[in-house]
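K.L.:
Work out the full structure, taking the sequences as your base and the hints as a guide.
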Amino acid sequence: EGLGGVILVQTLHFFPFIMLNTAVSLSNIDPSMEEMAQNLGCYGFRLFRRITLPLMLPGFIAGSLLTFIRVIDDLGTPLMLNYKNLLAPQAYLRITTIGIEDVDGYVICVVLVFLSLVSLFAARKYLGLAEYATVQRGTFTAQPIRGMKLVSVLTFSGFALGLSLLPHFGILLLSFSKIWSFSVLPASYTLDHYAEILFRVPHFVRNTLLYTLLAAGLDVILGATIAFLLLRSRLWGRDLLDAIATLPLAIPGVVLAVGYLRVFHGWDFPGLAAPLTSTWPILVIAYTVRRLPYTVRASYAALQQVHVSLEESAQALGANRLRTFFKITLPLISGGLVAGGLIAFVTSSVEFSSTIMLVPRIEMAPISYGIYVYMQSALGRGAGAALGVVAIFLVCLGTYLTHRVFGARTGTAFRI
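If you want our numbering, it's the 1-based position in the sequence shown plus 217.
What you were told as hints is all true, and nothing was included just to trick you.
Label pairs and their in silico Cβ distance ranges:
id	residue 1	residue 2	range
1	Cys259	Arg479	55 to 61 Å
2	Val480	Thr442	22 to 28 Å
3	Phe265	Leu478	47 to 53 Å
Don't read these hints as lab results, they were simulated from the structure.
Note that the structure is a prediction, hence the values are computed from the model and not measured.
Even for Gly, the Cβ is constructed at its ideal location relative to N, Cα and C.
P.N.:
This is the structure:
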């Protein structure tokens, strides 16, 4: 528990964002640049510092920026480890304990937004100071690693992988444990925890699938529409539309939830028996807005690869713009839409920062909220761990399918 535990958990949880973005930048570097530097006598750390590092900086900074935004937005880790002296937990505690009229809670939210926007502006300003593009990619033959270098690489990789997977194995064992007190492994095992969450209290899993699938579907529709307007229209204010569509990536979930609670407080919508903030559609709206940037970026990247001449040829043969979109454009960008929808589904299924503030009642709660509730008591930790295993399964399944769609470009799904 405490600040040390929060730092450790967040480090293990968020370092893949930096790794994936950096890997994409490294894959785009023309290997001939390093080869020419080696021919001129530049080797080792000097080669890395003078050639490789400047070229990989865009991906590294983008990953670091995304990690910074995720860290200040993280509410679940501090709450689970009982450390409240951070901005996100303080905003949550003030709004939920004092009330929605608490001014200090809104001040904390403004500070969170300010930090996120400043980090975005600073990164763009820095990346705009120099040109990092290479003329061509060239070909590169992987160099084998032997001897002590191989031992060092395997040792470091094994340590990092083991440290990252250790919590997952712990959750898996806890989900099957019946008695586990003062031993390395559980004294006895049971399936009762899974029976609890799948049969006796199934609404956590059912609600998660409902909310995330609806949000992913809406994100795909909105993402494809926005990407089409940005690339295929002369709409005034396209840059503003692009900024608005990307903005939720920089807005912490706590801030978004507080904003919805304030704006929609007491509002009655047609078809709902209660105010919007007292019904489950508010969660779908929050998930949709939070993950919209992913589907916009995925759709935008897919649409960029469709040459406009294909659409012009269809229109020249008599097809209107709507039919051209559904017959020509949509099938060609379907891979990007599926990938964006999968990313929205995966990230929404474990969303906690906005969930904990917007859940109307326990019967409407998704998995992330159920884990938090179960983990508040020693008797419920087995069921909470079982929910955690289900969440891990959903994330792994979505990540695998995303990798199948993106292939070697999986890291581009997590770029800003």
